[in-house]
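**Student:** Residue-level listing of the chains:
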Amino acid sequence: MYVLEVKNLTKSFGGLVAVNNVSFQVDEGEIVGIIGPNGAGKTTLFNLITGFLKPDFGKVLLKGEDITGLPPYKIANKGLVRTFQIVRPFRHLPTIANVLVSLQSYRGRRRIEWIKTPERKAMEMLEDVGLSDMALEPAENLSHGDLKRLEIARAMALEPEIVLLDEPFGGLNPVETEYMVKSIQRMHLDGHTMVIVEHKLHALMKLVKRVLVMHNGEIIAEGTPKEIAKNKKVIEVYLGKVV
Amino acid sequence: MQTVPIARYFRKIYTNIATHIYDRPPRTLAFLIIIMLSILPYSGMDLIKLEILISANLIAILAASWDLLVGRTGQISLGHALFFGLGAYTTALFIKYLGWPFWITIPISVIVGAGVALTIGIPCLRLKGPYLALVTMAFPLALQGFLYYYRDIFGGETGIGLPKIFPGLRFFDRIVANYYLSLALLVLSSIIIYKIATSKTGIIFISILDDEIGAKACAINTTKYKLMSLAISGLFGSLAGAFYGHIVSGSANPRLFVDTTALMPMEFSLIPIIAAVLGGVGTIYGPIVGVYIYQILYRYILRDVITFNIFGYIVTVDRHMQLFIFISFIVLLIVKWPRGVARAIVEKLEDLEEPRELEEILKEKTESKQM
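Chains as they are written, first to last, in the working numbering: chain A, 1231 to 1473; chain B, 373 to 743.
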């Protein structure tokens, strides 16, 4: 059984079809990359899968269970967790309390030790992404790179079945990107399933074994990073047609 | 003793407070203030002036409950007088038509307050920002019309008279008794509200204030928590209103919702807002301090007509001019301390305290859990 199965997902805003008949599957323990030029519909696709938008047509199955059209918090409680392209920290709260919010949810309270000392669990999540020194610092004092890592810590605190990362390297400098790649690799080794939307192809190609290419709301190519790099259609989409 | 700066004195008693995670208050300072307030009737002050503090105590509960909803959860309410008036009217109706004693009707009005909060919250909390603010402002205004229309039941402009809580006591004794009752209510309610605001539920409230979509992505049912915040807020708002009706105004009347004849027409909707901005939005203790500043200035300093004799010229300042001066003064305070007077003081104290290591706090927490 697939962890995540998307069937014929379609969404249009007025006349514009943002996501058009998209279908794909993600296996247990796999990392899948989704690339595509700006406006290809990648973030809309994420919003449809995680319930922030209702699809016009199509289905989303999480471990065989239909989760189409459920509210976002229910989907997250079932184990499908996302991060955002534009960071959404809780600015008034200390960094550790940002993670504690996740641990107060239904899913974050599954285990008795998480309920008893959520602070300890939150601290472990921060250590995983290298933010433990900033634990008591208000989130508004964190740099952009730190906030990106905080987003990941917050998502991982829910112990998800699958994580959707929306541009995890967006706005990071090369050193931070390298660190992030290592964090994601470590999460992958721990057996987490992930879907990554990314523009920085260089960093992404190091991580994933399978890439989907989106253009104008449709998936135009699928394959290993090497295949994708040679695909004529993909080159055309990114660089334009040879006249 | 005079050579020791006050700040250094506080530092000593303040060292072992505060885990940063849940934003603890300077408890000792609060404790000192409560002791000061509780010995006030025996300090030889004019007991008539205690009535100002009685109403300040009760309105402070309203302001603290407003702050839990607006300052902590980010759901703007411009019509908190709704709960205030509702509390007073519920107890008044039960006493007038069923003849029940007040100690039964007050819990009922508290439940009614929370119930109405939930009922209006389910449709209204879908709205955000200014739209929610406008809708909440409309409720007390609309209810006033309702009360005038059913004049026979609700008593029109004069409202329904409410019995005194301590009928057996003589005038001054009653004032002192009322003062202690209102102070006890304020201390109890503000402790409960503060405990909620700094609990684990409280950090979810703040997460909704900061970023509702982010909270949803953290698997939080934001609607549930917004309703919870509104219900708690309505509960304490109507508690304050019910006691205000019994102790201060002596009746449940439409002025508790909207006072069209007063200098400030929407007084009980506006005071929580002014007080919160004055004391510090989102601190819970800030609005309480703010109400005290407001009430003391407004009720004590404002007189009918004040005449000055400046170098032979006689200057009269009437109530409208006094209100203008009063509001200007409040604006000045806000400009000087934009994040609130009370918050500025507490932050000064927090700067003095040496931050504790997280390890230490965690250790303390696990030890207390095991015990």
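Hints listed in this document are in silico derivations from the structure and should not be mistaken for laboratory results.
Careful: at least some of the hints might be erroneous.
Quick list of simulated restraints, FRET-style, between CB atoms [unchecked claim]:
(1) 400(B) x 1268(A): 43 to 49 Å
(2) 411(B) x 1342(A): 34 to 40 Å
(3) 567(B) x 1340(A): 23 to 29 Å
Over the 12 Å line for every Cβ pair with chain A, so calculated as not near, a few chain B residues [to be verified]:
(4) 421
(5) 427
(6) 479
(7) 494
(8) 495
(9) 527
(10) 547
(11) 592
(12) 593
(13) 688
(14) 705
(15) 707
Glycine residues also receive a C-beta, built at the ideal position from the N, C-alpha and C atoms.
**Student:** Hints first: check each against the structure and report whether it holds.
**Tutor:** Results of checking the hints against the structure:
At about 56 Å, the beta-carbon gap between residue 400(B) and residue 1268(A) misses the expected band of 43 to 49 Å. The hinted range of 34 to 40 Å is not satisfied by residue 411(B) and residue 1342(A), whose Cβ atoms lie roughly 47 Å apart. The beta-carbon spacing between residue 567(B) and residue 1340(A), approximately 26 Å, falls within the hinted interval of 23 to 29 Å. Its beta-carbon lying about 38 Å from the closest one in chain A, residue 421(B) satisfies the requirement of being farther than 12 Å from that chain.
Listed as outside the interface, residue 427(B) is consistent with that label: its C-beta sits roughly 32 Å from the nearest C-beta of chain A, beyond the 12 Å cut-off. In this structure residue 479(B) is separated from chain A by more than 12 Å, as the shortest Cβ-Cβ distance comes to about 30 Å. No Cβ of chain A comes within 12 Å of the Cβ of residue 494(B); the nearest lies about 15 Å off, and the non-interface call holds. Distance check on residue 495(B): its Cβ is at least 17 Å (rounded) from any Cβ of chain A, clearing the 12 Å threshold; non-interface status holds.
Every Cβ of chain A is farther than 12 Å from the Cβ of residue 527(B); the closest lies at roughly 45 Å, confirming the non-interface assignment. With a least beta-carbon separation of about 41 Å from chain A, residue 547(B) lies farther than 12 Å from that chain, consistent with its non-interface assignment. Not every beta carbon of chain A lies more than 12 Å from that of residue 592(B), the smallest distance being close to 5 Å; the non-interface claim is violated. Its beta-carbon lying about 5 Å from the closest one in chain A, residue 593(B) breaks the requirement of being farther than 12 Å from that chain.
Every CB of chain A is more than 12 Å from the CB of residue 688(B) (nearest about 48 Å), matching its label as outside the interface. No beta-carbon of chain A comes within 12 Å of the beta-carbon of residue 705(B); the shortest separation is about 23 Å. The Cβ of residue 707(B) lies farther than 12 Å from every Cβ of chain A, with a closest approach of about 23 Å, so its non-interface assignment holds.
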